[in-house]
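Colleague: The whole structure should be built from the sequences, with the hints applied where relevant.
Per full-length UniProt numbering, the sequence shown starts with residue 1, numbered consecutively.
All clues stand as given, with none of them false.
Dumping the calculated SDA-like pairs for lysine to any residue here, alpha-carbon to alpha-carbon at most 20 Å:
#, residue 1, residue 2
1, 129, 58
2, 202, 175
3, 202, 191
4, 129, 63
5, 129, 59
6, 202, 164
7, 129, 360
8, 129, 180
9, 129, 14
10, 129, 361
11, 129, 115
12, 129, 355
13, 202, 254
14, 129, 358
15, 129, 116
16, 129, 359
17, 129, 364
18, 202, 162
19, 202, 259
20, 129, 119
21, 129, 111
22, 129, 362
23, 202, 79
24, 202, 159
25, 202, 256
26, 202, 258
Now the in silico label distances, taken between C-beta atoms and shown as ranges:
#, residue 1, residue 2, range
27, 165, 36, 21 to 27 Å
28, 115, 176, 19 to 25 Å
29, 51, 156, 38 to 44 Å
30, 118, 30, 20 to 26 Å
31, 45, 315, 29 to 35 Å
Since the hints were derived computationally from the structure, they do not count as laboratory data.
None of these values were measured; they are calculated from a predicted model.
We put the CB at the ideal spot given by N, CA and C, even for glycine.
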Amino acid sequence: MSTPPPPPPPPLPNALTLDAALATALETSHGLDLSTPEWSAAALRTPHGRAAIRAVHEAYFRAGAEVATTATYQVGAVSERDGAEDKKDNGGNSEDDNAALIRTAVRLAHEARERVLAERAAREEELGKRLFVAGSLGPYGACLADGSEYTGAYGARVGAAELRAFHRGRIGALVGAGVDLLALETVPCAEEVAVVVRLLEKEFCGVRAWVGLSVRERDERDERDERNECEQQDDDDDAIVLADGSPLAPLSHLLTLSPSITAFGPNCIAPHLVTRTLRILRRHQPHSDARTTRKPLLCYPNSGETWDAAGKAWRGSRGGGAVLAERVREWWGEGARWVGGCCRTGAEEVRVVGRVLGELGRGEGGGEGV
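Modeller: Written out as structure tokens, the structure reads:
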């Protein structure tokens with residue numbers, strides 16, 4: 001049964017400063033141990049964890065983020081309809097319990113927003129830009145807790161019906177809890193993107209979503225995709241692919257034309273891959289040219305550090321400050337209007353992104369979009 005259309009939502013701006021890593025802040029600033037299959041969502045189960053999540057949302061809003069992304073990325077399946085028999089998800093958790101976690105996560109984000117707005121009002125500041133709550137939806141692979149959101153390995157064995165059932169209940173729970181839009185994040189499989197787009201269009205009319213894509217550089221795994229199959233594409237079009245090896249061009253076309261999708265682009269990606277990824281997506285947006293795009297692109301990459309699995313530590317340096325500012329300007333030039341941070345990024349990155357987007361937005365005339 002289709003969900004009735006919600007009231008008309010407030011318009012989203014053309015340029016939007018997203019938040020940064022939730023897990024990083026919970027671990028480094030609040031001392032939480034998130035080494036469980038639920039990852040950040042595990043913090044929803046304790047009073048200290050809930051207070052920490054709310055504090056992180058508040059800190060990002062104060063740093064200039066216009067979006068709080070809920071702590072629901074690795075929350076598992078939820079019953080597709082009220083009154084259904086309670087079942088267990090892939091991790092052995094109750095689906096009813098998962099629904100309760102989603103409601104709690106959305107409530108915390110709302111509370112953080114209200115606290116920050118109250119602070120601004122008490123200081124007699126102009127409230128300024130709207131603040132939004134985005135309901136995070138990890139892909140099917142994220143809830144397997146085996147890293148397959150970075151490979152798409154489950155795509156060959158999980159069919160469209162199972163993907164649809166998995167996402168339907170979680171979408172319904174987030175929408176019912178009152179998010180402003182959905183954030184489908186780190187999706188590695190083209191079929192999963194298509195399933196969610198069709199689900200939103202057919203069963204959640206009026207619900208808005210952004211899509212973050214899990215991408216990688218093309219390598220020897222992709223030799224089956226012969227370059228001469230797409231003779232009209234530029235040489236760089238297949239240099240970056242979705243994690244499951246699918247080309248990005250058809251996805252750009254699908255996501256641009258969908259009325260449910262507000263923005264899309266790469267997330268949880270090394271910064272040096274962002275520009276090439278955006279360039280491919282932008283090139284294949286319908287009705288786009290060298291200066292404009294029909295729909296905003298987004299990106300929220302990692303800090304630039306890499307994870308050393310053997311040493312269980314992050315290596316390398318973070319590209320903050322002037323380096324990040326220059327990258328944001330470059331990404332803007334490739335069509336990115338919604339920008340934030342993913343793993344190992346924090347409030348400092350949010351401040352830099354917000355400042356640069358503000359400067360660029362004023363130059364473009366600002367305004368509201370989708």
